[in-house]
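K.L.:
Residue numbers (this note's numbering), protein chains in the order written: chain D, 1083 to 1127; chain E, 88 to 309; chain R, 2 to 271; chain V, 7 to 243.
If you are wondering where the hints come from, they were derived from the structure by calculation, not from laboratory data. These numbers come from a predicted model, not from an experiment. Don't take each hint at face value.
[Said to hold, decoys possible] In the SDA-like style, the derived pairs of lysine to any residue whose C-alpha atoms are separated by at most 20 Å in a straight line are: (1) K1117/D / E246/R; (2) K1117/D / E240/R; (3) K112/V / L89/E; (4) K107/E / L153/E; (5) K107/E / G179/E; (6) K89/R / H237/R; (7) K112/V / R84/V; (8) K89/R / I297/E; (9) K112/V / V199/E; (10) K112/V / V167/E; (11) K135/V / I297/E; (12) K135/V / L89/E; (13) K112/V / A101/V; (14) K107/E / V199/E.
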Amino acid sequence: MSDMSYMYLGWGVPLVTLAVYSASLVVRGRALSRKVPAERRRWTS
Amino acid sequence: MLRDARLIAAKDLRIELRSKVTASQILPFALLVLMLFAFALDPDSQALERATPGLFWVAVLFVTVLAVERSFSLEGGDGVRDALRLAGLEPGGVFLGKFAALVVQLLVVEVVLLLGVLLLYSRDLAGVGLLAATMLAATAGIGAAGTLYGVLAAGLRVRETLLPFLLLPVLAPVLIAATRAFESALDGVPSDGWPWFNLLAVFALVYIGIGILTFGSLLEES
Amino acid sequence: MTTPQAISASHPAGVRAPNGTGSSVSRVLGVVALAAMGLLVWLAFVASPRDAIQGDLVRLLFLHPALAWTAYLACFIATAASIQHLRKGTVGSDILAHSAVELGAVMTLLTLVTGSVWGRPTWGVWWVWDARLTSTAMLFLLLLGYLALHRIDAAPEVRSKRSAVLGVLLVPNVLLVHQSVEWWRTLHQDATLLDRQFDFGTSDLFMFTMIFGFVAVTLVFSWLLLHRFRVGWLEHQVESEWLDEAIEARRAEAHAESHDGTPTTGGVAR
Amino acid sequence: MEPVIHLRGVVCLLGRFPALAGVDLSVEQGEIVLLQGPNGAGKSTLLRLCAGLQPVATGTARVLGHDLATESHQVRVRVGLLAHATFLYDDLTVADNVRFWTLAAKADLDDAQRAMQRLGLADRLAEVKVSRLSTGQRRRVAIAILMARRPELWLLDEPHAGLDQDGRDLVDALVREAAEVGATVVIASHELDRAAQLAPRHVTIVGGAITAITADTAAGPAGVPEHQQPEAVRSAP
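Please take these sequences and the hints and turn them into a complete structure.
P.N.:
This is the structure:
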């Protein structure tokens, strides 16, 4: 394996992981906010 | 606080005198671990002799997990936790008491273990001052961390599996430092070992301090 | 007795609440973080030349140390929030500590992965008992321990209090583990193999990309922490909603049995 | 003068279960109160709450002049709780246990010795491990420890359970003596005939809330309306 392919692996794994984690947070947030009354999820920022 | 600590420690040691769990189960287990190491590392090669300090402290860590579990299973009985709160004992004192009783029992086991490795792994005793100091400081650290993590896991249904998982990574610095200090002592170069002793002392002080400060809120919960 | 449902029903249009964990600020933050990451990738792969000693491998060093930094940052946040929880007992501080630890675990894992991927072509092996790598692995185990304790099946107050004690211990543990591992390795070799094989001073672009990597990853970290916290907050809200209903059901038992009992009143909003 | 127990809208959670769902109760100093209700009504939780062992979720709870939300540790040392659990170390002897808990509570060892004598624990049983004792004997040890503490507020959860005739009479005598010296006593019991002779006031708790408070001078279960009697009592011989 060339050095560049290690680089794609080394960057790809973190980027994909962070993207998946972010997406999962957004999805979980959407699903949960349906169960919580609007009164209790007004974010101040 | 010290009065409460003495009371709790005396109580724990009295329970040990009456039940002899440490003497009749934990101590033989420690010796068994020494035998197992010999089976795993062929005793005729020099591996066993070279690894003696590390094997000693790994055995101590195994014993610690058992001793901590024993120490807090005592307090798990028949509403005892509530009774301790009702008695108005000082939480810091309870921590120090449990800590002291644990340290005394561990030290007894360690002395026997040390004799065991010297005999079985054919090492000569050297650097006694450093050995004794390391043993005291390391055991104080192990005892303080063990008491704190013991109460964190106490009373949970998953405590047997949770305790070693939480406690052993935290004791890694103790394992490293105590092993290196023992190595220098047994190899006859104690001056290399004293920085490790300092690290052990810092570890013990940090854990005793945090233990005294946080034990209150851990006893407080329902 | 007013239930939260009653409140929201009475002001259906008066409340502007988002349908998720996003808000205007977090959206801006998200866009900025995404743009910064894009720019970082461009800087690392296109703008930067190969390093004289490291070759292409240097490109990973724009990411790896930044990930490690956020992992340590997460530990500090978790410990600070845990101290706050033990002092004040607020729900938010427990959620913040838990969010920081979970995120810290992700970042620590990624630090390990990137370090390992960098190490394979450099040293020829995936893992060496390098001081920094080893103490990062220990950090990962400590964080997993916190997450395991936070997952136990116990009363919420018990769980958060015990987790908070563990959180307070996080930073001291990290320092002690780090110190001991560092000394342990210096006995046999240099403390870390990472530092000595390249030379930053030579290029301003290297320096800039390196620092920009920290900024970009920290922005991503902040966005993630904000959203993770909000998810935790929503979970807490869902969990505490049962309370009003449960009290109502419990009261019904009493009313069913009594005919001339004194009616009990009292606010039970949390 | 402030009541010894003063609860307003107290909600108390056991995990996720609201064991107490809004309790209002006042008990004056020197009173003996009977707490009655079916199993799972919240009697034990109410006693534990008054002992400062159970966090107050909402409402205000004051016991012995202290707010339980902030000063429960000041309350705990002044109450005596006799619970289902006996608070004993199985591996210690009776004498060890009494000695430890008496010293822990900073009570007088001579008092403890007298209490052990009165409960028949001073001689043969003193050196026996608690794990060898019968239920009734364990209860006696718990009562002896309670007596040595000289509590200002006695919280007795089923004090007669598991005891022989002699033990039950002894409990009744102790309650009367405590009230005579100005202590307050709350008894949770299913043995209404016995408890009612002690307690002029009966508090009924059902479903985590108080449903009836009757002040009888004519003591006895007849004084309690039939529909308020819990199942266990109606079917009792």
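K.L.:
Under the constraints set out in the numbered hints, which ones does this structure not fulfil?
P.N.:
Numbers 5, 9, 11, 12, in rising order.
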